[in-house]
Amino acid sequence: MFEAKLLEEIRKAREQWEREVQSGQGTGPERKDAFTTMGGIPVKRVYTPEDVAERGIDYLGDISFPGAYPYTRGIHPTMYRGRLWTIRQFMGFGDPRKSNERLKYLMKSGAPGLNVAFDLPTINGLGSDHPLARGEIGRDGVPVNSLEDMEQLFDGIPLGEVSTSLVIAYPPIPSMFIAMAEKQGVKPSQLRGTFQNDSICRDVGANVRVVPRRAELKLCVDVVEYATRNMPLWYPISVVGYQIREKGCTAAQELGFTLADGIEFVRAFVQRGMDVDSFGPRLSFMWNAHNDFFEEIAKYRAARRIWARIMKEKFKAKNPRSMQLRFHTQTSGVSLSAQQPLNNVVRVAVQALAAILGGTQSLHTNSLDEAMALPTEEAVKVAVRTQQVLACESGVTHTVDPLAGSYYVESLTKDIEDEAMAYIERIEEMGGVIECIESGYIQKEVTKAAYEYQKKVEKGEEIIVGVNDFLDDEQPNIKLLEIDEAYERYMCRAIEDLKARRDSKAAEEALDGLREAASRDENLMETTMTAVKAYATLGEIWDVYRERYGSFDEKAHITGL
Amino acid sequence: MDETIRILIAKVGLDGHDRGALIIAQSLKEAGMEVIYTGLKNTPEVIADIAVQEDVDVIGVSILSGAHLVLMPILMDALKKHLAGDIPVVVGGVIPPGDIQKLKAMDVKEVFPAGSSLESVVAFIRKIAASRSKGTVE
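Residue numbers (the numbering used here), protein chains in the order written: chain U, 1 to 561; chain E, 1 to 138.
For the record, the hints were derived by calculation from the structure and aren't laboratory data.
Here the structure is a predicted model, which means the values were calculated and not measured.
Possibly wrong hints are sitting among the right ones.
Unchecked claim - Some, not all, of what chain E presents toward chain U, calculated at C-beta under 8 Å: (1) Leu22; (2) Asp55; (3) Gly66; (4) Gly85; (5) Val94; (6) Pro96; (7) Gln101; (8) Ala105; (9) Pro113.
What the hints assert, rightly or not - Simulated pairs of lysine-lysine, BS3-like, Cα-Cα distance not exceeding 25 Å: (10) U:Lys104 / U:Lys183; (11) E:Lys80 / U:Lys459; (12) E:Lys80 / U:Lys479; (13) E:Lys127 / U:Lys459; (14) E:Lys80 / E:Lys102.
As the list claims (entries may be wrong) - Here are some chain E residues pointing at chain U (derived, C-beta under 7 Å): (15) Gly13; (16) Arg19; (17) Ala31; (18) Ser65; (19) Pro73; (20) Ile87; (21) Val111; (22) Ala123.
Positions of the beta carbon are idealized from the N, C-alpha and C atoms, including for glycine.
Here chain E stands alone, though its shape is the one from the complex (with noise of 0.2 Å):
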C-alpha cells in the first residue's frame, strides 16, 4: 500500500482568507504529503464529493469567516451521506474557544486555532493518517 498520506485541504463558503491554507499546503508538501486544494468557494457538499472523488486519507478544513458552526455539520452530513464519515476532519481558522468543543463533538477531530504551529499541524495529521491505515480511528 502506498506510504504517502493525502489530504484535502478545503477552503469552504465565501471566506476568501487563504493565508493560512496555502501555508499549511505547503508545509504538509513538505512533510512528503500529497496535499490536494479545493480552492475557493466552495460548498460543503461539493468538498464532501471533492474527499471522495479524490479518496483522501484526511480533510483539513480552513474557516476564518466564522460560518464554522453552521458549514461543518453539513459537511460532516454530506461526508456520512457518502459513506465516507470515516475520513477523519480538522479545521484550523479563526475559532473562538468556547467553539472547539462544539466542533469536536461534531466529531471533528482537532480544532487549530490562530497561532496553533505548523509542526503541530503535520504531527497530528499524520498521528491521524496513522491510526486510521491501521484501522484505530475511533
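Looking at chain U on its own, in the form it has when it is part of the complex (with noise of 0.2 Å):
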C-alpha cells in the first residue's frame, strides 16, 4: 500500500526514534518487558507502515470496501449509516408466561429482536418430569415441554413483525415454534429469525450432547434443509464461537475451531444434495465480545475475510451473500465478576463497543448481576440502555470501519487470520472439527488454553479489577432474581394434565409416524411437526430419536483433563 521509497524513508526515522526511545531520552523504562494480546499475540511498541507492507496487506485485496468481497470492512456498504444493528438479549428463566413478560418488557425497552434460552432439560431433550432435570427448571432458560408452552411463550407477540432467535437445535423446538406461529396465522415463510441449530458448539463449547455425533449432525441438516425450503428469510444456523471462547480458549482459537465446524457443516449441507448458493445467504454467526479491545476487532475483521474466501475459494459459492460472514455478538460472560458487579457496566460498555466497531448485525449485552445469577429487570435495562448510549451518542456509527488502516488493527487482523487458518488447515488435515472433538484435540487446547490464562490471573499478570486488585470489603448490595422451585412443580403438573387431556389416540400415531420415519433416516421436520401438532411431548419425541440412534455416552467423552 506504500511507495518503496516512502518505506525506506519511514525505516530510517523509526530505526532513529528507537534509539532515541532506548536511549532513556525523556523517558523512563516500560511497564512489561513484553506486551501481548489476551490471546498471546506479541504486541509492539507503534505500529506503522511497515508493517502493513511487510505482511503483503493489499488494500484492495484485502481490505477492500464495505460491502465488496472480502468483506473484512463489513457486509453491508452503509453498515450503521443504514441500519443500526439490532439489540438483541438473551432470554428465558421460570415457565413460559413468565419469560412471555420478559419478552414483552424487552421489547417496551427498545430492544427489538427477541433471543429465547431454553432450559437445560429442555436443550438436553428431557422433559421437566425427568428425574435428571430435578432442580433444574426454568433456571437457566425457559422449560418448552409441548406445543402449549410455546403458545404461552410468544402469546400476544406478533411473530410476523418481529424476528426472532432460539437458542436451540434439532427439529422439535423448531417444529414446536413453526407450528405457534401457523395458528397464530403466520406461514414458515414470513418467519424472520434464527435457529442457533449447531450440535458442534453444544458440544464442544457447552458439553450438551442427546445422541451421538454424526446424529446430531444429522437432526441439524434436517432443520436446514426444511428451512432452506420452506423459509426464505430465515437462518436456520448459527454457527457458534461463543460458547467455546467462555470455556476459556483465544480469540484466534475461537475462529479457528468455530470456522472449522462451519465448514463441517457447509459440507454435511452439501452432501444433503443442497447446492451451496441455495443455503449460504441464510448462514450465519455468533461471536464472544472480550475483554481485549483491538484483539477483538481485528477477530471479526478477520473473521469475514477468512469465510469469504472459504465459501467463494473452497465451496466454489457464486453468490455475494453466501460469502458475507454475518453475526451475532454476545459480550464474554466469563469476564464478569462477583466482586463489585457495578464494575460489569464498564466491562460490558467496552466490549459492547469492540462488537460494534467489528461491525456486528445484532448484539447482546450482558447485565451487571450475571456473575451470580439471572439478571433482574433493572439490571436488564441498564444492559439494552448500554446499547442505545453507544447507538446514539457516541458517533461510532456515522462511518464504516474507523478502524481500518490503523497499522496496529491491520496487522493483528492478519496476525489472528494467520493464527485461526493454521488451526482451520490442521483440523481439516485431522479429518474434520468432530474427528477433532472425538480425539479430544480441541477440548485439551481449550483446557489447556484457560488453564494457562487462570495462572497469569493466580500471579497477578493479568489484572482482573476488583478480584485480584483493587480489592474492597464492602458486600455487593444489590437485589438479585430468584427462581421459585414452584415453576418446576408447575411445569411437571402441566406436562400430567396435557396427557390427560390431549387426544391419546393421535399422538400415539404421530410418534409412531416419526418411529417409522426415524427407521428410514429421512428427514426428520414434517413427522416431528406432526407429532408437535398432536400435543406430543418433548420428552416424547426425544425419546423416539433416542430409541433410533442411541443416547450418548457420557462416559465415554473426552474431557479435555
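Take the two lone chains and join them into the complex the hints point to.
Below is the structure:
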C-alpha cells in the first residue's frame, strides 16, 4: 500500500526514534518486558506503515470497501449509516408465562430482537418431569415441553412483525415454534429469525449432547434442509464461537475452531444435496466480545475475510451473499465479576463497543448481576441502555469500519487470520472438527488455554479489577433474581394435565409415524411437526430419537483434562 | 498411611459448564493431590456412590446452573445414608452471596464463588483433609 521510497524513509526515521527511546531520553522503562494481546499475540510499542507493507496487506485484495469482497470492512456498503445493529437480548427463565412477560418488557425497553434461551432439561431433550431435570427447571432458560408451552411463551407477540432467535438445535423446538406461528396465522415463509442449531458448538462448548455426534449433525441438517425449502427469510443455523470462548480458548482459537465447525456443516449440507448458494446466504455466526478491545475488533474483521475466501474458493459459492459472514455478538459472561458488580457495566460497554466497531449485525449485552444469577429487569435495562447510548451518543456509527488503515488493527487482523487459518488447516488435515472433538484435540487446546490464563490471573500478570487487584471488603448490595421451585412443580403438573386432556390416540399415531421416518433415516422435520401438533411432548419425541440413534455416552467422552 | 489427598471433583445435574471444574482439577493435581473427576450429568445420588467407592477424603462440587439449593441437600442426605456424612464437601461456581450461608447450614464446609483464587481453594482443601485425617473436623 506504500511506495518503496516512502517505506525506506519511514524505516530510517523509526530506527532513529527507537534509538532515542532505547537510550531512555525523556522516558523511563516500560511497565513490562513484553506486551501481548489477551490471546498471547506479541504487541509492539508502535506500528507503522512498515508493518502493513511487510505482511503484504493489499488494500483492494485484503481490505477493500464495505460490502465488497472479502468483506473485511463489513458486509453492507453503508453499515450503521443505513441501519443500526439489532439489540437482541438473550432471555428465558421460570416458565413460559414468566418468560413471556420478560419478552414483552424487553420489547417495551427498545430491544426489538427476541432471543430465547431454553433451560437445561429442554436443551438436553428431557421433559421437566425427568429425574435428571430435578432442580433445573427454568433456571438457565425457559422450559418448553409442548406446543402449548410454546403458545404461552409467544402469546400476544406478533411473529409476523418481529425477528426471533431461538437458542436451540434439532427439529423438536423449531417444529413447535413453526406450528405455533401457524396458529397465529403466520406462515413459515413469513417468519424472520434464527435457530442456533449448531450441534458442534453445543457439544464442545457447552457439553450439551443428546444422541451420538453424527446423529446430532444429521438432525441439524434436517432443520436446515427444511428451512431452505420453506423459510426464505429465516437463518436456520448460527455457527457459534461464543461458548468455546467462554470455556477459555483464545480469540484466534475461537475463530479457527468455529470456522472449522462452519466448514463441517457446509460439507454436510452439500452432501445432503443442497446447492451451496441455496443455503449460503442464510448462514450466520455468533461471536464472543471479550476484554481485549483491539484483538476482538481484529477478530471480527479476520472472520469475515476468512469466511468469504472459504465460501468462494473451497465451496465455489457464486452468490456474494453466500460469502458474507453475518453475525450476532454477545459480551463475555466469564469476564464479569461477582465482586464489585457495578464494574461490570463498564466491562460490558467496552466489549459492546468492540463488537460495534467490528461490524456486528446484532448484539446482546450482559447484565451487571450475571456473575451471580440470571438478571433482574433493572439490570437488563442498564444493559439495553448501554447499547442505546453507544448507538445514539458515541458517534461511532457515523462512518463504516473507522479502524481500517490503523497500522496496528490491520496487522492484528492479519495475525489473527494467520493463526486461525493454521488451526483450520490442522483440523481439516486431521479429518474435520468432529474427528478432532472425538480425539479430544480441541478440548485439550481449550483447557490448556483456560488454565494458562487462570495462572496469569493468579500471578497477577492479568489484572481483573475488584478480583485480584483494587479489592475492597464491601459486600455487593444488589437484589438478585430468584427462581422459585414452584415453576418446577407447575411444569411437571402441566405435562400430566396435557397428557390427560389430549387425544392420546392421535399423539401415539404421530409418534409411530415419527418412529417409522426415523427408521428410514428421512428428514424428521415434517413427522416431528405432526407429532408436535398432536401435542406429543418434547420428552416423548426425544425418546423416539434416542430409540433410533441411542443416547450419547457421557462416560466415554474426553473432557480435555 | 498414604498422605496423598484423594479428592472427587463432581459436576451435578445437567450443568455442562466445566471450565472451572477442569481448572480446579488441574491445579489440585499440580498441588500433588489425586483427583477423580466424575464427568457430567450425574445425579447427586450417583456422586455419593462414587465418593464412597473411591474412598475420597474431600468432595468438591461445581455448580453453575443455579440448582445448588435443590441438589446439594440431596447429595448431603445421600452421603449420610452411605454413612459417609463425615466426608467434607466444598462447593464452587455461580453462587449468589445470599446462598452461601444456606449451603453452610447444610454442612457444606466452604463455598468458592466465581473469582476465588486457585491458591485459596488448594489451601482450604489441604487444611480440611488434614483435620479430617486427625479426626478433628467439627
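For each hint, the structure was consulted:
| no. | hint | verdict |
| --- | --- | --- |
| 1 | Leu22 | 5 Å, holds |
| 2 | Asp55 | 20 Å, violated |
| 3 | Gly66 | 4 Å, holds |
| 4 | Gly85 | 21 Å, violated |
| 5 | Val94 | 6 Å, holds |
| 6 | Pro96 | 5 Å, holds |
| 7 | Gln101 | 12 Å, violated |
| 8 | Ala105 | 17 Å, violated |
| 9 | Pro113 | 5 Å, holds |
| 10 | U:Lys104 / U:Lys183 | 20 Å, holds |
| 11 | E:Lys80 / U:Lys459 | 39 Å, violated |
| 12 | E:Lys80 / U:Lys479 | 34 Å, violated |
| 13 | E:Lys127 / U:Lys459 | 22 Å, holds |
| 14 | E:Lys80 / E:Lys102 | 18 Å, holds |
| 15 | Gly13 | 6 Å, holds |
| 16 | Arg19 | 5 Å, holds |
| 17 | Ala31 | 12 Å, violated |
| 18 | Ser65 | 6 Å, holds |
| 19 | Pro73 | 10 Å, violated |
| 20 | Ile87 | 21 Å, violated |
| 21 | Val111 | 11 Å, violated |
| 22 | Ala123 | 12 Å, violated |
In summary, the structure is inconsistent with hints 2, 4, 7, 8, 11, 12, 17, 19, 20, 21 and 22 from the numbered list given earlier, while agreeing with the others.
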